[in-house]
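Enquirer: Per the numbering used here, residue 242 is the first one in the sequence shown, and the count goes up by one each step.
There could be a bad hint or two in this list.
[What the hints assert, rightly or not] Derived CB-CB ranges, DEER-like:
1) Pro259 <-> Thr414: 38 to 46 Å
2) Ala292 <-> Gly322: 26 to 34 Å
3) Ala468 <-> Thr358: 30 to 38 Å
4) Pro455 <-> Ala382: 42 to 50 Å
5) Ala323 <-> Phe291: 40 to 48 Å
6) Ala331 <-> Asn296: 54 to 62 Å
7) Asp253 <-> Asp274: 25 to 33 Å
[As the list claims (entries may be wrong)] Lysine to aspartate or glutamate pairs mimicking DMTMM-like chemistry, simulated, CA-CA at most 20 Å apart:
8) Lys395 <-> Glu301
9) Lys395 <-> Glu304
10) Lys395 <-> Asp489
11) Lys395 <-> Glu427
12) Lys395 <-> Asp286
Hints are computed from structural coordinates only; laboratory data are not their basis. Glycine residues also receive a C-beta, built at the ideal position from the N, C-alpha and C atoms.
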Amino acid sequence: MSDSSSGMVPTDYNGLTPPPPGAPNVFSVFLDDAFDSVDALRLYDFHADFAVPANSTFTERPESPLPVAAFDSRSPGVLTGARNEIEQPAPALTADYLNAIGDRLMLRLQYLNRGGTELLTTVHTVNAGVIPPPGQAPTIAQYRAATRYYVLQKTSPGGNWSVQDQGTYSPNTTERWMGSSTVDHEGNLAVGYSTSSTSVFPSIAYAGRLATDPPGMLSQGEATMFAGTGVQLGTSSRWGDYTAMTLDPSEIRPSGTPTSTTTPAPPRASLGKRRSALSSLPARPRPHRAR
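Make a model of the complete structure from these sequences and hints.
Expert: Next comes the structure, spelled out in structure tokens:
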């Protein structure tokens, strides 16, 4: 494979209903027409034979690559490997800006079986700012990180995956990246991510839509889970390792667990590891655990 993305992610089972017996684990990676021929998601089936490992197979699905709405994943450091891409307020300098990690799908690629309809949800970071000419990277001033989300569906046990919903969430000039998403058994979608700008300390927020809302937008709006109180310094531009949005099986609804690990020494950001449960959309989250 020669995909533009450096990261391939496997499906991760959510909810109460397991996949159909014998169903493969699906892996996905995105294609960007800035580097490939099309904006798309590639999908692969992994059949594992644990009794005879040599009989295991890893094959691209017939509907792959699956075309998606146009996007551009190029970030300021895409050509040079520089990580300082996401703006922070002072006293952070340009060299202290954070890594957008725009070259891969974000964990997790979540699987949910809604009584015969199988769903996959995932996100990655795209540029909602100025798109540079082919072969170039955006400057930090041109770049605005945004969260691109997808919901794929198919009818089990057969059928092909198709795009049930997709969109890019960027309602203002704040950067939104390091996202994760999930769908509950009612079809409601929640997307969690980090936020930052020259006037917003690195923070954690979420947005979503109800199953009855129009597709292509997170109509329920945005709420802040945890507001940052400082900037991130001295971590090689890393932030938010790692995030996850998952389901609360006891309540069958999106229960957000975006997790951000940072260095707590002032004046650095001190979110530490945070977990929050979404009681509804777009209501404020109720704290579930923080440490």
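Enquirer: Hints first: check each against the structure and report whether it holds.
Expert: Hints, verified against the model:
1. Proline 259 and threonine 414 have their C-beta atoms about 43 Å apart, which keeps the hinted 38 to 46 Å range intact.
2. For the hinted restraint 26 to 34 Å between alanine 292 and glycine 322, the CB-CB distance of approximately 43 Å leaves it violated.
3. The hint said 30 to 38 Å for the Cβ distance between alanine 468 and threonine 358, and at roughly 37 Å that hint holds.
4. The beta-carbon spacing between proline 455 and alanine 382, approximately 33 Å, falls outside the hinted interval of 42 to 50 Å.
5. A hinted range of 40 to 48 Å for the beta carbons of alanine 323 and phenylalanine 291 is consistent with their spacing of about 42 Å.
6. Between alanine 331 and asparagine 296 the C-beta distance comes to about 59 Å, which sits within the given range of 54 to 62 Å.
7. Distance hint check: the CB atoms of aspartate 253 and aspartate 274 are about 28 Å apart, consistent with the given range 25 to 33 Å.
8. Note on lysine 395 and glutamate 301: the hinted pairing holds, with a Cα-Cα distance of about 16 Å set against a maximum of 20 Å.
9. A C-alpha spacing of about 11 Å is found between lysine 395 and glutamate 304, which places the hinted pair at or below 20 Å, so the restraint holds.
10. Proximity of lysine 395 to aspartate 489 is assessed by CA-CA distance (about 23 Å); at most 20 Å being required, the pair is judged violated.
11. Between lysine 395 and glutamate 427 the CA atoms are separated by roughly 16 Å; this keeps the pair inside 20 Å, and the hint holds.
12. Pair hint lysine 395 plus aspartate 286 holds up; C-alpha atoms about 14 Å apart against a cutoff of 20 Å.
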